[in-house]
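S.K.: The lines below spell out each chain.
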Amino acid sequence: MLISIGGVGTIVAVTGIFVFLVWVVVPLFQSASHELRSQASVATGSMSQSDRGAAPLWTGIDEYRRLGVALEPDGKIVTWRASDGKPIESRALFTTPALTSISTHEASGEMAFGFADGSVRLGSIDFATSFVDPSAAGLSASELAVDGGSIQGTTLLELTNEGQLRAQTLDVRLLPPLDVGLSGRVVALDRSEKNGSTTIAAIDEHGKLVVSAIARSENLLTGEVTATTDDQVIPLRPRENMLPERLLLSGNADTLYLVWHDGILQRYDVRDPAQSGLAEELDLVEGPGELTALTFLIGKSTLVSGDSRGRVRAWFGTKPANADTRDGIRLQLAHELCAAGAPITTLSASERTRVVCAGTQDGKLLTYHVTSHKLLFETVVGNEPIRAVALAPKDNGLVALTADPVAPLGWRFFSWDIDLGYPEATLAALFTPVWYEGYEAPVNAWQSTGSDSFEPKLGLWPLVFGTIKATFYSMIFGVPIALLAAIFTSEFMDKRLRTPLKSLTEMMASLPSVVLGFIAAIIIAPIVQSVLPTVLAVFFTIPMALLIGAYLWQLLPPRKYVRWSGAPRFAAICTCLPIGVLLAALVGPWFERAFFAGDIMGWLNGRVGTSVGGWLLLLLPVSALICAVFLSRVVDPWVRRISATWDRGRAGRFDLGKIAVGIVAAFVLALVLAHGLDATGADPRGGVLDTYVQRNALIVGFVMAFAIIPIVYTLAEDALSSVPGHLRLASLGAGATPWQTAARVVVPTAMSGLFSAVMIGLGRAVGETMIVLMATGNTPVMSWNVFNGFRTLSANIAVELPEAVRNSTHYRTLFLAAFCLFALTFVLNTLAEVVRQRFRKRAYQL
Amino acid sequence: MTIAEEALALPSPEPRQVVKRRRTPRRATSLQSHGEPFVWFTGGAMGLALLMIVSLLGLIAYEGAQTFWPRPLVELTRVGAKPILGEISTTETFRPGADVYERLPPDRAASVQKEIEARGGDERRRMLRTGNFDLTGTHYTWVSDHEVQDETNPEWAVTVERMAWGRFYGEPKSFLVGDEVIAHGARDAWTRYLEFHDTCRARAEKIVDLQEHDIGAVNDQMEAVRLGLRRIELSKGKSSPEYAAAEKVSAQRQAELEREFQDISEKVSQLQQTNARYKLLLTTADGVTSTLPVADIVRAYRANQLDLGGKLRVYFSRWREFLTERPREANSEGGVFPAIFGTVVMTLLMSILVVPFGVLAALYLREYAKQGWMVSLVRIAVNNLAGVPSIVFGVFGLGFFCYIVGASIDQLLFAEKLPNPTYGKGGLVWAAFTLALLTLPVVIVATEEALSAVPGSMREGSYACGATKWQTIQRIVLPRALPGIMTGMILAIARGAGEVAPLMLVGAVKLAPSLPVDLNGSLPFVHLHPERSFMHLGFHIFDLGFQSQNSEAAKPMVYTTTLLLIAIIVGLNLFAISVRSRLRRRFVGGQF
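Chains as they are written, first to last, in my numbering: chain A, 1285 to 2130; chain B, 511 to 1102.
Taking lysine to any residue pairs in the SDA-like style, the calculated list, with each CA pair at most 25 Å apart, reads:
#1 B:Lys624 / A:Pro1873
#2 A:Lys2125 / A:Leu2013
#3 B:Lys1020 / B:Ile725
#4 B:Lys979 / A:Ser1288
#5 A:Lys1942 / B:Leu541
No lab work stands behind these hints, which were simulated from the structure alone.
Given these sequences and hints, build the entire structure.
M.R.: Written as C-alpha cells, this is what we have:
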C-alpha cells in the first residue's frame, strides 16, 4: 500500500513538471478580459444645446479608479464619482484669455495650454491622494460606508481594506503664462520632457511656428519659480491658407510633426532649433477621408493615427540607407491595426505598454497592442459616438465618454475593469518576424531588456535557430565518429581491448559539461584561433592519412595481414592520427599562403583574397565524394577484371597507386570547380564562412561532440552487439569478409537501433547548456557562419531567468522556451524509445 | 582468434565474384572486398574518440597537478625599461610585425630586426607573472626576447602570498617591530620573518575566529531578538500590551548584546594592534620598497633556494590550503572548501531524497502495477525524463520550489522576515529537490533493471514457502537487487555532483557568506540552514573561468578545481563499477 502511494506519487511528480510548465506558459496566450464596472450620466452644466455631447479636451481617471475627470472645451474642469457619476467638483480653470489648444501627450497629467492671446502655460492635472486615520476624520461609519466613496466637499473619502481612510482630490497646478513670441491665437501646441528640461512647440493663427526650450530656476529666498524661454522660430512651409490642426513633439524633442485636417503631415527636424527645417511631408490618410485622431505611443516616437475610413495605423521613423531627408529618417507606415468600420473618433495610448484604445463613431471600442497587432478586446458601448477614451494609469481600467441619450447636456460615462494579460505575446509575435519601433522591416530578434522608448524584443526564433545551429554542427561532427567507433568496437576490435576501451569512452559521458565548456572556452578556442588553417586542414589530412595507411596495410603479406588484424592494426590506425595532425600542421600554413592570402582571419573578414580558397574548402568533401563514387562504381569493377590474375602484392600496389591518383584528382577537381565558381563571382563569405569570432560554432561542435559521442556510441554499440551471432556466422560462412558482413548484414539489421542512438544524441545536443553558454558568445544572431557565435534556448534560460521578474511576459516566455526544450527532447526520446523497442523485438525474433 | 581472423583464415570466395564467375577467372583474394579503408575509417573514429578523452583528461590532470608547484623566480633586465621579477607562466613564439619594430627606439629597431630575421623571423616571448598588483596594477607582463638584456635567478628573491592583492615578488630588506628596525639586510630580515610569522598568523586566525564565530553569534542573537519582536507585532498588533512588554525586554537584551559586541570588538582590535607592529619590508626588482604586515602573509618562500623537499612542502601546503580554506581575492586564490562542502551536502541531501522515492517508484512499476500499456507508457515517460535537458529541471525548480512552495513557507512560517525571502529564493534545499527530480529517472531505471534481473524462480520459491508479497520483496527481491540499486544511486550522485545548469537557477552562488551548516556556538548543536544559498564546485568553475574579472590569474584555480571535480566524479563512477561487480560476485552463488 505504502509502496503504491510512493510509486504513484513519484510518477505524479514527474508528470507534474510537464503540467507546471504548461500552467506557467498558458496565461501568455490567454486573451485580455474586460468587464463593465459602472456607467452613469455625468452632468456638465456648461454646455449648450448646440454642442450636445461635444468631445472633452481631455478625460482621465485616477489610479484607484474612483474619480473621473474631464476638461470641457471652454476650459472648465469637472470631476465625478466613478461609481454613479455624481459631480464632486466643477470649476473654470481659464476664463480670459480663452483656452484655444491643449497638449496632453506627456504622461502623468503633465500638460500645456495655449490661449487666444498667444500665451502658453505649463501645468498638470492629477489627483492628490493621502491616507488618514479613520478616527481622525471625524465621520461616522454610516457616512463612510458609501459605495464608491463618500463625497466631503471636493474630496472623495473611502475606507480601504487595510482599515485606512483614503482621501482623494483633484490636484491642478498651473505655472504662470509664458511668452514664447506668438502674437495670435495658439492653434496647436505640444510639450516634451527630456532629462528634466521642458521644450514647448506651438503655432499661432498667423502660421508662426516656435520651438522654445524652457529653463526653470527657483529663487532660494522666496521659493518662487521663474521660467525663462529660449524661442526659435521654425520656417514653416505653408499650405494654401490652411492652418494645421495638430502639433506633436517627439519624446526627445528632436522631431516636430504638423498635421492638417486632411491627413497631410509635415515633419520638421528640430534637433538643433536654430537650424531646423522641413524634413519630409506625407499623407497619413492616402485617399479620400480625413484624419480624425492622432496620438503618440509610449516613448513618444510612434504615431498612431485614426481616420474617417475607420483605419488605425501606426507610423514611426526608420533610417533606411536611401533616405533622402535632411536627418536621414523616413516616417513609415508600420502597423495597420484595423482597416474597416465606422470613422475613428478618438485614440488613447497606455502610459505603460504599447497598447492603444480607439473609439468609433458608432460606439465601438477597440483595444490593440500595436507591435503584435493583437486585438485585445472589442466592445460595443451604444449607438452614440465615443467622445473620449482613457486607459487607467495602471492599465487595469478603461473609461469612455459618449454623448448621453438621456441627459442631453452631459455625457454618458463608462468604466471597465480590464486585464490586458500579456498583450505583446502571441504565437506569431514569438516565432515570426515582428516590426519593432525604429526598424526598417519586420525582424526576428531577441533582446529582452527594454525601456519605454526601447521596446523589449521577444522573438524566440533566433534562439531556436541557435539551438538548431549548435545541434547541427555538433551532430555532423559527433555522430559519424560515434557510429563508426561503435561499428569498429563491435565488429573489428580485438576482444581483449574491447571492454577497457569501451568503458574509457563511456567515461566521457560522466564528464561534467561545465568542465567541457571551460576547456572549450579557455583552452580550445584560443588555440583554434591561432592555428585555424591547421585545424581546417586536419579535417582533410586525417582521413587522407587513414586512407593511405589502409592501402599500405594491404601490402602486408597475407599471413601477417591476418595475424595482425587485431590489436596491431588498431595500433597502426592510431598512429595515423598524429601523422594526420602533423601533416595538417605542415599543410595548413602553406594552404593559408596559397589560397587565403596568408591571412585567413583577414580573408574571412572579406578584406583580402579571392573566393577560391573558401570554395576549395567547401568543395573538397564534395569532390572527394565524387571521386570515391567514381572509383568504386567505375574503376573498381575494371580493376577487379584486370587484376584477376595478379598476386596480392601487385594488386595492393596498384590499389595504392589508384588511391594516390584519386586523392590528387579530388584536389584538382575541387580546384577547378572553385576557380569556376570564383569566375562566376559567387563568394562563400557571408554564408557558412564569415568573420571569425573566437567562441564559435566550430568550437561548440567539437566540444559538444565530447558530450554526445559517449551516449550515441554506447547505444549504437549495444544495438550492434545485440545483432544475433548466428547472422554474422552465417554471413561469414557464406564467404563474406568481415567488412561485408558488417556493412551488409550487421548494420542493416541494427539500423533502427542506430537510429534511436542518434535520436538520443540529438536530444542531448538540443538541451546542452553549459557548453554553449561558455563556448559561444551568446549573441542571438542568425547566420549559418561556422565561425560565429549564437545563443541557444537553454543558454538563454540560464542567463536570463535569474533576473526575470516573476510572472512578467519575459519570465513566462522563458518558461515557454523551457517548455519547447522539454517537449522537443521528450518527442525525440519517445521516438527513439519506440524505435528501439521495435528493434529489440525484431532482434529477438531473428 | 576473433571472428575476423577466423573468416580470413578460411579461403574466402567473394560473393559478387560468384555471380560474375563466368566472365572473370576465379582468384584467391579480392582486396576491395575486405573494405580495408572503411575499416580504417571506423578504427580512426574509435582512435579519435579515445584520443579526445585521453588528451582531455591528461591536460586537466597535468595542468591541475602542476599549478601548485613552486616555480623559480627570474629577474629580467630589460632594455629601456625597469627590470622585472616573476615566474614564467607561458612561452610562445610569434612573428613580430612592423608595429613591434616601430615601438622600439629607432637606433635599435634595425639591429633587432636584422637579428630576428637572421633567426628565421620568429621571436620568442614569455609571459611573466609579476604580481605586485597593488604597485603596478597588473598581474602579468609579456616580455619578448629582444627586450631582455640579462637574466638572473636572484638568491634572495621571495615569493609572498598575501591575504589581499595577490602575490608579491621581491627581496626582503628589513624587519620592523613597531617603528623600530630590528633586522637589516635580506638574511636577517628573513630570519626574523620566519621567527615571527607563525605567532602573527595564529593571532590573525584568532581574529578571524572572533569576528566570525563570536561576533556572528552575537549578530544572530540580535537578529533573533528583532524578529521575535516583529513576530509579536504581527500577531498582536503594535498597540497591544504584549508588544510594549516585549519591546522593553528586547531593548534590554539588545543593550546586553551590544555590550558583548563591544567586548569582542575590543579584543579584536587589541590583537590587530599587536599584529600591526610586525612588518616585513621588501624591495621589488625596480627598487620600490613595500611594507607588508607579517600577519597578511599567508606563505612566503625563497623561490630560487628551494630543494626538492622544500618544493614538496610548498606544494602540499598549497593543496592543503586549497582543500580546507576559504577563497580569497575574488575566488582566484585560497581554497575551495565552501564549494566542496556545498557540493557534498547538496549531493547527500539529494540522495536522501531521491533513493527512497526512486526505489519505491521502481518497485511499484515492476512488482505492484498491473503490467499493461499504461505501465509501459509510464516507463517510457520515466525513461525519457532522463533525456530532458537539465536546465528545464532548473526552470521547474525555480518556478515551483522557490517561487511557489518557498514563498508559501515564507508566508506561513517566516512572515516576520518578509519582504526578505527566507525559503522563497534559491537555496540548498531547493537545489537538492531539483537535482533529486533530475536524477530520479536514473535511479528508477537502474532499480527496475535490477528488479527484473531477479529470477522469477526465486520469487516463486518464496511464495511457495508461504511468504507474502511484501515478505518476498523485502527478504528475497530487494537484497538481490541491491547491487543494481546501489549502482543507480552512485550514478545518480555522479550526475548530480557534476550538474551545474539547474543550480545556476536554484541557489548556487559565486561566494556564499556562510556555510549551509552552522557550527556556531557549542559543537553538539549543529544548525542546518537548508534555505541558504551555497557554493558548488561546478558553479565555481563556471564562475572563475567565465565571469572572472582577471581570467588569466584565475586560470590555475580553475584547473585545480576541475581536477578535483573530475576526480570526485570519476572516483564515484569507478566506485559504482566496483561495488556492482563485488555485489554481483557475492550473489552469483545464489543462482537457483
